[in-house]
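Novice: The sequence shown runs 1 to 118 under the UniProt record's numbering.
Note that these hints are calculated values from the structure, not bench results. Be a bit skeptical, because a hint or two may be false.
Stated by the list, open to error - Cβ-Cβ distance ranges computed for the label pairs, FRET-style:
no.: 1; residue 1: Ala47; residue 2: His9; range: 52 to 62 Å
no.: 2; residue 1: Leu114; residue 2: Trp89; range: 18 to 28 Å
no.: 3; residue 1: Glu43; residue 2: Ile10; range: 16 to 26 Å
no.: 4; residue 1: Ser42; residue 2: Pro17; range: 34 to 44 Å
no.: 5; residue 1: Ala32; residue 2: Val109; range: 36 to 46 Å
no.: 6; residue 1: Ser12; residue 2: Glu78; range: 36 to 46 Å
no.: 7; residue 1: Phe90; residue 2: Ser21; range: 33 to 43 Å
Cβ coordinates follow ideal geometry from the N, Cα and C atoms, glycine included.
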Amino acid sequence: MLAPLLSDHILSDIVLPIAISGSLGGLFVYVAFCSWAHGILSENYPALLGVSSGAMSSNLGQGIREFYEVPPALRSREIWRIANPLHKWFFVATRVVGWLWTLSLVLMVLDLVLMPKH
């Protein structure tokens, strides 16, 4: 029943290129959104960001800091208490981009696993 749906042509020519381009494009968009979200959070809502350790307070860890401080802040319930609707919309959009990026990565891995071997 799944054989016509999962043919070699559909998986290799349609699904895999869409998944690869979606995951690469999603990565760049997610990196940009996390960077902007970190800037907004650090300027307007510094209490939502985690307490930085001494080792990561230098400029060397600045690029990495956005990826371990922003996602937990976006998952917190405090985001829904933010008064600025533009910031709230942007934080929700950042979470949605993260979900879509994860979905494209899962789709790519599933495509590689399910692709028929010759």
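Novice: Each hint should be assessed against the structure and marked as holding or not.
Specialist: Comparing the hints with the structure gives:
no. : hint                         : verdict
1   : Ala47 <-> His9: 52 to 62 Å   : holds (53 Å)
2   : Leu114 <-> Trp89: 18 to 28 Å : violated (36 Å)
3   : Glu43 <-> Ile10: 16 to 26 Å  : violated (47 Å)
4   : Ser42 <-> Pro17: 34 to 44 Å  : holds (37 Å)
5   : Ala32 <-> Val109: 36 to 46 Å : violated (24 Å)
6   : Ser12 <-> Glu78: 36 to 46 Å  : holds (45 Å)
7   : Phe90 <-> Ser21: 33 to 43 Å  : violated (24 Å)
In summary, the numbered hints that this structure violates are 2, 3, 5, 7.
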